[in-house]
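Enquirer: Residues per chain are reported as follows:
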Amino acid sequence: MSNVLPGLKYSKEHEWVKVEGNVASIGITDHAQSQLGDIVFIELPKVGASVQYMKPMGVVESVKAASDIFSPLTGKVVAVNDQLTKTPEAVNKDCYGGGWMVKVEISKADELSGLMDDKAYAAFVAKA
Amino acid sequence: MAHRTALYDIHIALGAKVIDFGGWDMPVDYPTHILQEHTATRTAAGLFDTGHMGELLVEGPGALESLQRTVSRDLGGMEDGQGRYTLLTNERGTVIDDLIVFKQADNKYYIVTNAGTREGDAAQIKAHLKNATLTDLLPETHKLDLQGPKTFEILAKLSKGEFKKLKRFRWTTADVAGIPTIVSKSGYTGEPNGVELFFPKKDAVKMWNALMDAGKPLGMLPCGLGARDTLRLECCLPLYGHELSLDITPLEAGLDWAVSLEKDFVGVEALRKQKAAGVPRALAALKFTGRQPARADHPVFAGDKKVGYVTSGTFGPTVGGAIALALVETPAAAIGTALQAEVRGNRIDAVVVEKPFYKPGK
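Protein sequences, first through last, are from chains A and B. Residues in the first sequence are numbered from 1 upward in steps of one, following this note's numbering. Residues in the second sequence are numbered from 129 upward in steps of one, following this note's numbering.
Only chain A is shown next, with the shape it has when bound in the complex (with noise of 0.2 Å):
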């Protein structure tokens, strides 16, 4: 059973969101970085970037092939995760915290009752 974290927001391309003020520090869910298995290499939007609602902003190449990650929310990046150049296998050992990839300043606050909380998330994983 894959982990779901209370007081997030959840897309449905796996991607979890958590607010503070107006920025949002966006991750792949344990459900995604599970179904991708071993992640080896980690492309993400430089910081000044603008990112749309649900469209891709990168990539995660696991062992086993290469996903786009999507981003939950329009916005301007804001911080990058760039330990993840390194350590991309953070995501799989700590996809919440350690793993997280960007921080996004919010323009779009409205896009929010877009995303599934944790409970819809988890109704959302089990039937996948």
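Accuracy of the hints is not assured; some may be wrong.
Unchecked claim - Per the computed footprint, the stretches of chain B lying under chain A, defined by three or more beta-carbons under 8 Å from a beta-carbon of chain A, are: (1) 148-162; (2) 414-422; (3) 435-445.
To be verified - Far from chain B, some chain A residues (derived; all Cβ distances over 10 Å): (4) G37; (5) S50; (6) V59; (7) V63; (8) A65; (9) T74; (10) P88; (11) L112; (12) S113.
Calculated directly from the structure, the hints in this document are not laboratory data. Using N, Cα and C, we set each Cβ at its ideal position, and we do this for glycine too.
Given chain A, work out where chain B should sit, using these hints.
Expert: Then chain B, alone, in the frame of chain A:
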């Protein structure tokens, strides 16, 4: 509906992620994931369900001659229980499948095929049979691969058979876990110690469980197609549909040693011509400077010039970096050549290295 092996329910119960491979629902990895499964095979042992692969029997007084006319490699002079890797080629000299042909006895040859190609192989071989018959053994046969340094220690728990002294590509028959089994010292991981087991399909669950019980305490893991792919790619073993296909000749794939140009077989004239004119493309082993893997079909460049494409690419767990095989214009395959693969619009740097990327110790 896709085919399933007799072990499908076991894979599901183990938590395997299942994908379609050659028309079969097969485990790509278990919850242990590819890196652990790969490493278990290199350091202890890995157990692979290869029940999707095909087995064909060609027998009769014309068996050898018929096969000699059909496959690329000279099959003469084999002892009973000896196998040879060979290609099944068409008139254009491109590849219908890669096979291992074992001589079971005089006038009796046992052929191991890939999964998705079995029926086409059977049709191609049948069309060239004279005084021989072909039987599809898949309906009654299961195959499992046990690979890695602990292979023979595991087998010794289940069988009195003498396997360790077998040479590569030789088989013997023995009782394993009470099941009549063909034990062939061969495999698709590059490991010098590894066997492929052929036995009655009805005993598949019993054999799997016996091997799991015997292997687990020694560090063996069940492994999916994902680890099978990284293991074979580190050792530069070709995969049909990638390094070999109806668009690629065995000479381009660097398999000259499996092509006997001095004998007559389907496609030999095209291959002789290609050899004489100079083989236009070659399979290059690319080691990337970074961790980012290129994948199949990504274009490959030498400076501004496109010189070919990636046939297989991954992160090599034992190599510890991104690796790929690429089919490129022959001059670009020279060792030491700097090449770039284009991955989602970015060029990533690689250098052509000697094959294989990794050579397991004995």
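Enquirer: Take the hints in turn and mark each one as holding or not.
Expert: Results for each hint:
no.: 1; hint: 148-162; verdict: holds (count 5)
no.: 2; hint: 414-422; verdict: holds (count 4)
no.: 3; hint: 435-445; verdict: holds (count 3)
no.: 4; hint: G37; verdict: violated, 4 Å
no.: 5; hint: S50; verdict: holds, 18 Å
no.: 6; hint: V59; verdict: violated, 7 Å
no.: 7; hint: V63; verdict: violated, 4 Å
no.: 8; hint: A65; verdict: violated, 7 Å
no.: 9; hint: T74; verdict: holds, 22 Å
no.: 10; hint: P88; verdict: violated, 7 Å
no.: 11; hint: L112; verdict: holds, 29 Å
no.: 12; hint: S113; verdict: holds, 32 Å
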